[in-house]
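Student: Top to bottom, those sequences are chains X and L.
Sequential numbering of the first sequence, starting at 2, is according to my numbering.
Sequential numbering of the second sequence, starting at 2, is according to my numbering.
Treat each hint with caution, since some may be false.
Stated by the list, open to error - Negatives, chain X to chain L, calculated, CB over 10 Å:
1) 49
2) 151
3) 272
What the hints assert, rightly or not - Computed beta-carbon distance windows for the label pairs:
4) 138/L - 91/X: 32 to 42 Å
5) 10/X - 30/L: 26 to 36 Å
6) 261/L - 84/X: 48 to 58 Å
7) 209/L - 251/X: 44 to 54 Å
8) 6/L - 220/X: 39 to 49 Å
9) 178/L - 30/X: 20 to 30 Å
10) 209/L - 90/X: 24 to 34 Å
11) 185/X - 30/L: 23 to 33 Å
12) 129/L - 255/X: 37 to 47 Å
13) 160/L - 220/X: 51 to 61 Å
14) 218/X - 9/L: 47 to 57 Å
15) 6/L - 269/X: 51 to 61 Å
16) 129/X - 160/L: 45 to 55 Å
17) 83/L - 269/X: 35 to 45 Å
Please keep in mind that the hints were generated in silico from the structure rather than gathered at the bench.
Computed from a prediction, not measured in an experiment: that's the story for all the values here.
Think of the CB as a built atom: it goes at the ideal place given N, C-alpha and C, for glycine as much as any other residue.
Protein chains: 2
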Amino acid sequence: MNEWELLERIEAAVPAAGDDCAVIPWGSTHLLLTTDLLHQASDFPPGTTPYTMGWRAVAVSLSDIAAMGGRPVAVLLAASAPGWGGLLPGLLSGAQAACEEAGAELVGGDLDFSRELVLVSTALGEASRPVRRAGAKPGDLLCLTGPLGRTALALHLFSRGELEEANRLFRFSPRVEEGLILADLATAMIDISDGLAHSAHLLARASGVGLEIDAAALPLLPGLAAAFPDEAVEKALYYGEDYELLFTIPKGRYRSALGRVIGEAVSSGVWLQAGGKRRPLPDRGWSHGS
Amino acid sequence: MNEWELLERIEAAVPAAGDDCAVIPWGSTHLLLTTDLLHQASDFPPGTTPYTMGWRAVAVSLSDIAAMGGRPVAVLLAASAPGWGGLLPGLLSGAQAACEEAGAELVGGDLDFSRELVLVSTALGEASRPVRRAGAKPGDLLCLTGPLGRTALALHLFSRGELEEANRLFRFSPRVEEGLILADLATAMIDISDGLAHSAHLLARASGVGLEIDAAALPLLPGLAAAFPDEAVEKALYYGEDYELLFTIPKGRYRSALGRVIGEAVSSGVWLQAGGKRRPLPDRGWSHGS
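Isolated chain X, as found in the complex (with noise of 0.2 Å):
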């Protein structure tokens, strides 16, 4: 079983689950909460600084409202490690950082100690109207926030010892205003912390549609080609752990400044289109314990 089986069995079982956030309907608006777990091992390699983990811990759970068109309120960061010399104040810093960067505040936590660091954000978001992974129609454009291989690119540097620049990229900030806009045009979303075809799959699976995606009109990080010469594409597609949002929007609705079109809606399948050639796209990407 790996780390999609078991949401798969969470969702299942918890009827809530299944989006970038649950939801919970509030008097005329929505609440949406969500966690997530880092763990040194998977999530940080050798070079990550403090501020930078305690950055990247709370950016996820804020991707998550960013994802359903919410505005973040609040952030808890749980934490064990073996440690805290100097672990404390810059994971703290970085997570503050990020939290004031979206508009968040964080508001508390709890720390203890294990075997390995791990760090848990929360994060709680208010929408008037969530925009979930369902609501896509056929003849929608798709659409990405930004370009893609951050994390892929960010690792290449980490293993080169491009310690500051690899940092940096870690440090991505959430598509929090993008998706308070996307909130009233967007007919489905999600953030493609997954990977580009996993996401895709799962936003075609809860919209009940197909999507087609154009190889040609993904946008890629400068640098990944240059990293990856010969699987640049194949970085952008199922890497994973990149934080744009991927959404579509009904073609009179769509705006250059929104993000950048790459494919369509169509009524079923999910497709890369490439050197003139349609073939299905392999829901596959990265995934803990794969």
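Once you've looked at the hints, dock chain L against the given chain X.
Tutor: Okay, now just chain L, sitting in the frame of chain X:
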């Protein structure tokens, strides 16, 4: 640096921390948010069932909502384990049962893999008048919602292989109903997850008062004295991981149905009255990493 010192450093850096929950003003009411880490090594002795683990992880967070006089709304459960075979169904149903008993809903979570089992529950609640640790006045009665020693006794039973009764004790019911009634009556409140002694110190410090506890008035769980013939009161005072509510209340508002009177608020110091003598109650207890 032990866990309490860590938490004090968080409180210094995060102004909203320092109560059982973060309090977020929300229109005419308040949202409450709390998160708790539990680890296999320190929190779940051999023989703890997955159902009990799920229940207890959720109950620990719901107890924080109860401790502020809040109504639990929603819970997230993030969990990491070396493997998931056989663990997930019990964990989820225990978590859901604890939510249901408290009137909350399990709305989502996150799952992945790590060397040690780690559970992180987050609870969202609501309180029109949150009861804080600050607010006790000299002369208020000091009261407790129920008996002491539950976790001390449960661990004793786990060590003796009396697993069914140990698991039953471990699955405590957070004092949600009591907390809701006390929201209109108590001047200060805290759950005694860190032990009665330390919790009393935290409440006294936040309120700027002293507390005097009468050893003879301490309610002990049936079986505690038999399990620990020479140190039952010691366990009751310092053991921790009890989840009763400790609260102060003006004498005129007290009714016996609210809980047992164990002392009163005084001008300064935290004292234990025993055998006609008053001695300072040390600020110690059970703490991760100490």
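Student: Decide, hint by hint, whether the structure agrees.
Tutor: Hints, verified against the model:
no.	hint	result
1	49	17 Å, holds
2	151	21 Å, holds
3	272	30 Å, holds
4	138/L - 91/X: 32 to 42 Å	41 Å, holds
5	10/X - 30/L: 26 to 36 Å	35 Å, holds
6	261/L - 84/X: 48 to 58 Å	40 Å, violated
7	209/L - 251/X: 44 to 54 Å	60 Å, violated
8	6/L - 220/X: 39 to 49 Å	47 Å, holds
9	178/L - 30/X: 20 to 30 Å	28 Å, holds
10	209/L - 90/X: 24 to 34 Å	28 Å, holds
11	185/X - 30/L: 23 to 33 Å	27 Å, holds
12	129/L - 255/X: 37 to 47 Å	44 Å, holds
13	160/L - 220/X: 51 to 61 Å	59 Å, holds
14	218/X - 9/L: 47 to 57 Å	53 Å, holds
15	6/L - 269/X: 51 to 61 Å	58 Å, holds
16	129/X - 160/L: 45 to 55 Å	53 Å, holds
17	83/L - 269/X: 35 to 45 Å	39 Å, holds
In terms of the numbered hints stated before, the structure departs from hints 6 and 7, listed from lowest to highest.
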